[in-house]
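Q: We have chain B already, so just place chain S on it with the hints.
Chains as they are written, first to last, in the UniProt record's numbering: chain B, 1 to 242; chain S, 1 to 242.
All the given hints hold, so there is nothing to weed out.
If chains are identical, the list can't say which one is meant, so a pair holds when it fits in one copy or spans any two.
List of simulated lysine to aspartate or glutamate pairs, DMTMM-like, C-alpha gap at most 25 Å:
| id | residue 1 | residue 2 |
| --- | --- | --- |
| 1 | K8 | D233 |
| 2 | K8 | D28 |
| 3 | K142 | E180 |
| 4 | K8 | D71 |
| 5 | K142 | E115 |
| 6 | K215 | D108 |
If you're looking for bench data, these hints aren't it; they were derived computationally from the structure. All values derive from a computational prediction rather than experimental measurement.
Number of protein chains: 2
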Amino acid sequence: MTNRSEIKALLFDVFGTVVDWRSGVARDLRPFLTRQAIRVDSFEFADAWRRQYAPAMNEIRSGRRPFVRLDVLHRENLLRVLTDYGVNVSSISADELDELNRAWHHLDPWPDSVEGLLRLKRRFVIASLSNGNISLMLDMAKRAALPWDAILGAEVVRAYKPSPQVYVETVEILGLAPSEVCMVAAHNGDLAAARLCGLKTAFVVRPTEHGPAQKSDLHAEQTWDFAAADLNDLATQLGCPT
Amino acid sequence: MTNRSEIKALLFDVFGTVVDWRSGVARDLRPFLTRQAIRVDSFEFADAWRRQYAPAMNEIRSGRRPFVRLDVLHRENLLRVLTDYGVNVSSISADELDELNRAWHHLDPWPDSVEGLLRLKRRFVIASLSNGNISLMLDMAKRAALPWDAILGAEVVRAYKPSPQVYVETVEILGLAPSEVCMVAAHNGDLAAARLCGLKTAFVVRPTEHGPAQKSDLHAEQTWDFAAADLNDLATQLGCPT
Chain B
1 MTNRSEIKAL
11 LFDVFGTVVD
21 WRSGVARDLR
31 PFLTRQAIRV
41 DSFEFADAWR
51 RQYAPAMNEI
61 RSGRRPFVRL
71 DVLHRENLLR
81 VLTDYGVNVS
91 SISADELDEL
101 NRAWHHLDPW
111 PDSVEGLLRL
121 KRRFVIASLS
131 NGNISLMLDM
141 AKRAALPWDA
151 ILGAEVVRAY
161 KPSPQVYVET
171 VEILGLAPSE
181 VCMVAAHNGD
191 LAAARLCGLK
201 TAFVVRPTEH
211 GPAQKSDLHA
221 EQTWDFAAAD
231 LNDLATQLGC
241 PT
Chain S
1 MTNRSEIKAL
11 LFDVFGTVVD
21 WRSGVARDLR
31 PFLTRQAIRV
41 DSFEFADAWR
51 RQYAPAMNEI
61 RSGRRPFVRL
71 DVLHRENLLR
81 VLTDYGVNVS
91 SISADELDEL
101 NRAWHHLDPW
111 PDSVEGLLRL
121 KRRFVIASLS
131 NGNISLMLDM
141 AKRAALPWDA
151 ILGAEVVRAY
161 KPSPQVYVET
171 VEILGLAPSE
181 VCMVAAHNGD
191 LAAARLCGLK
201 TAFVVRPTEH
211 GPAQKSDLHA
221 EQTWDFAAAD
231 LNDLATQLGC
241 PT
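Here chain B stands alone, though its shape is the one from the complex (with noise of 0.2 Å):
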């Protein structure tokens, strides 16, 4: 059985495992698709917003593009998705677009994470580990009151998940050892890069981050550390009190 006593910091992946990415995009979507008289779906247009988002951290992982922060990802993509909507984009102002872009940055938290969070704080180190920028954490953060000590990630190391460099350098930037670190995702590709690294595991399962037809991450596929129902069951399970 996993030693939880060993564990001084755990690291939080934040798209679907702490905030719904999916509802809060198409959210400020559905102004955005009126107002351009632009005729998709809000929740179609925000999966395939992110379904570049992997793609365009490929040219970064693989060493053929230079590290830049995800905001500007995150608006070459949106480009991207509207041109393949047979949108002019040349016709929508920058300023709407950088507005469209920062959605993001405003993202709901699930209803179970900022009490879990909280829970968790009092005895662990709480970071995120995200590839979203600083600036987009420390937006959503304020917003939704998340209680991070630390907002680590992509940034601060200029690499994306799941290159095992962003786990090795932010354990060390914690002056840690990997097993002092648990790694804490609804995804179990980044939950196994973790795992090469050393960390500990733990799976929170998000069944609707990708809608009600979701089909990928609904269990976990190893053997992790834990596995909770949400934010709150993974704090009792690590001996937080409520």
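A: Below, chain S without anything else, positioned relative to chain B:
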């Protein structure tokens, strides 16, 4: 008059401005010096240790040495000061030196710091912009309840204040204009460097940072945008309710 309504984020120097490093380091030194039978006053030793701070960082600021985090410099400086006092450092265990080096992680805030930061946090993004490394700032914040929204600073940008890139890159990370960011420090030199990069500036006087005979930084040496008696006073000047 400075337009305070434009300010969105406050960046804080930490050693001396938010926490009392001299008393804290001397407190941890006392049992060590006794145990090792080193006959030096703990405040004198703390001052000697701190005097190595700027020259050590200058090696990195000048480009003669690649960036290393402050914990590494503090550890090297400790050996240097011990040797200067005639101590045979090879007679002291690495664990004991490491533990003493963590004195910088356990500093107490000035009496007004936590309340002032909590008031400021309600209206602004508050982030540390220290030369201290992330784990140092994190340990300090957890112990002293410093409510940072984010821990920024030297390790994130891999450069030491007052190098201009520290201020410029941090403002860029925040996604703000320089004039929307205010540097808060008890040191005129830090503020002068921030002003050259276009940031707003707030001086907080800390007349006993260097002990009862302090001669430097007792007064604002330029007309900074704000000059405050402490962080509570700054919160009041910036319109934050108690």
